[in-house]
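Start counting the sequence shown at 167; every next residue gets the next number (the working numbering).
Think of the hints as simulated: they come from the structure by calculation, not from any bench.
Idealized CB from N, CA, C, for every residue including glycine.
Treat the hints with caution; some may be incorrect.
Said to hold, decoys possible - When the alpha-carbon atoms are kept at most 30 Å apart in a straight line, the in silico DSSO-like pairs for lysine-lysine are as follows:
#: 1; residue 1: K384; residue 2: K351
#: 2; residue 1: K648; residue 2: K241
#: 3; residue 1: K533; residue 2: K585
#: 4; residue 1: K585; residue 2: K253
#: 5; residue 1: K640; residue 2: K277
#: 6; residue 1: K415; residue 2: K384
#: 7; residue 1: K663; residue 2: K276
#: 8; residue 1: K294; residue 2: K351
#: 9; residue 1: K648; residue 2: K200
#: 10; residue 1: K670; residue 2: K277
#: 11; residue 1: K511; residue 2: K663
#: 12; residue 1: K200; residue 2: K243
#: 13; residue 1: K670; residue 2: K640
#: 14; residue 1: K640; residue 2: K276
#: 15; residue 1: K243; residue 2: K648
#: 16; residue 1: K253; residue 2: K243
#: 17; residue 1: K200; residue 2: K241
#: 18; residue 1: K243; residue 2: K294
#: 19; residue 1: K200; residue 2: K351
#: 20; residue 1: K533; residue 2: K241
#: 21; residue 1: K585; residue 2: K640
#: 22; residue 1: K253; residue 2: K241
#: 23; residue 1: K200; residue 2: K384
#: 24; residue 1: K585; residue 2: K200
#: 25; residue 1: K670; residue 2: K276
#: 26; residue 1: K241; residue 2: K640
#: 27; residue 1: K294; residue 2: K253
#: 28; residue 1: K533; residue 2: K640
#: 29; residue 1: K693; residue 2: K640
#: 30; residue 1: K294; residue 2: K384
#: 31; residue 1: K200; residue 2: K294
#: 32; residue 1: K276; residue 2: K693
#: 33; residue 1: K351; residue 2: K253
#: 34; residue 1: K648; residue 2: K351
As the list claims (entries may be wrong) - Distance ranges between label pairs, derived from CB positions:
#: 35; residue 1: R620; residue 2: A343; range: 43 to 53 Å
#: 36; residue 1: L524; residue 2: V641; range: 23 to 33 Å
#: 37; residue 1: F453; residue 2: K209; range: 35 to 45 Å
#: 38; residue 1: K241; residue 2: E304; range: 24 to 34 Å
#: 39; residue 1: E304; residue 2: D413; range: 18 to 28 Å
#: 40; residue 1: L674; residue 2: P265; range: 12 to 22 Å
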Amino acid sequence: MKKIFTSILLVILTVGIVKAQSVYQPYSYQFYQKLDEDVYSTKTRVHSSLKPFFVDDSLIQHHYDSLMNGVGGFKGKFFTDHQIDVKGSNSTFYADLLPDFNISRDFSGKKNTSFGSLGLQFGGTVGKQFSYYVAGYENRAQLPEYLATYTNQTGIARGQAYAGLYGTEYRWSYITAVASYTPNKYLNISAGRDKTFIGDGYRSELLSDYSSPYPFFKVTATLGSVRYMAMWAYMDDPLTARVDNSDRKKFGVFHYLDWNVSNRLSFGFFDSIIWPEKDDAGHYRGFEYTYLNPLIFLRPLEASNGSPDNALIGFTGKYKISDGVTAYGQFMLDEFESSSFFSNKGSSRNKYGFQLGLRGPNLFGVKGLNYLLETNNVKPYTYSERGSIENYANNGEPLAHPWGANFREAVALLNYSYKRFDFSGEVDYGHYGLDINGQNFGKDLYQLYIDPSRQYGNYTGQGLTTNMVFLEGKVAYLLNPKYNLRIELGGLYRTEKNAQFNDKTAMLSFGIRSSFRSMYNDIASYKVH
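Turn these sequences into a full structure, and let the hints steer you where they fit.
Here it is in structure tokens:
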């Protein structure tokens, strides 16, 4: 099998250059959904479930170019171009200063909050095969109560980085960098510090863009209707007990194969392995060279090593019912106990989750009106492991769905773009169980699944049963599409209720925003407070 794979790879590398796709576009749901008309058309076969995209892909490039260059409205460099934009005969370079400031009023907490960030991005291409992108931000924020509680408990500004508290102000830095080399249309090699998202939904139960960026090396190969990714990552784990007086580190390897069976039907196959750099006694293990094998479904390899690591597998699928309706879903399996899986015993060893959703463009025939309806369900103890360092998390936060495990979610999103105006709305309902009274009910990924509150009789929402309702709406006027500079007005309402607390948040915010990074407000409590 290895010889066959090596032969295929050599053939790919020696094929002449046709149209190498390599231009990087940072992933965020709010921007990528604007491409839905092409991505989810019954006339195309875009590999939609592996993100970020190569936006110079011929199937979406025209639409992407129109978003960047054809939004209409004001003319002039400030509204249409990068602040620095150099195009040579064989290379390009651009750079932008990224202001991101807003002020808000938390009416429930009766206090003013704010977010201030100053960033810099630059990128470019060398020839038709190499591209690069770097972005960095210095951030300061006074957070509403529920986000402050989350940050205090995890130490992390959600999905960003470690956040220090100075008085009432949180401060952190956020940096991403990607270098991408595409020798031909079949192969891309990239490395840097960033995130990868797998799936067609708003959330991913396999690998999402929620946790902090991490160093990675990635190979993506495309042959006809099949796209295959192999990625190796190096991650932090500050919430695990320290060894040698330093934060713990761990490695991850991720494989994903996306097969467009036809213009309408697609299937995807995913696996991952997580293992620690050092064990709990401080013995150095380092990188496991067995996992350099780029072939999918590593469980036999992991088993041959004595099954010391955290293995997870998953499947994705989508079907384009029409140009306006695509059905999609995911299933992930963390652990399987055949004797109780089909018996309704509620075993703590059966750890799995699933997602179902509908999405599409041009709702009711209105161009630019895109929608998404989705449900996510993850059983208690999923993503946790025998040792916390091996759990499915990075830098104190889940690698997949931001709520961890032991939850049920229903979310609806609506987006409308007209010229330079963007309107967005979200409704999210969550039902989940928090760990309580020192018992592990299966929500916290850092608790060990071998020490559950009970072996059988487990159910979603057990523990401190909690319900959350989240509503958010935004209206923005786009000043410059090249770096998403916009004036934005937003409103947020959130309730989170259980037998111990009843939190409410009502906010209005206004500011000038830029960059494409995602900052999720629709998060659940990490633990009891």
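Unmet hints by their number, sorted upward, for this structure:
Structure breaks no hint.
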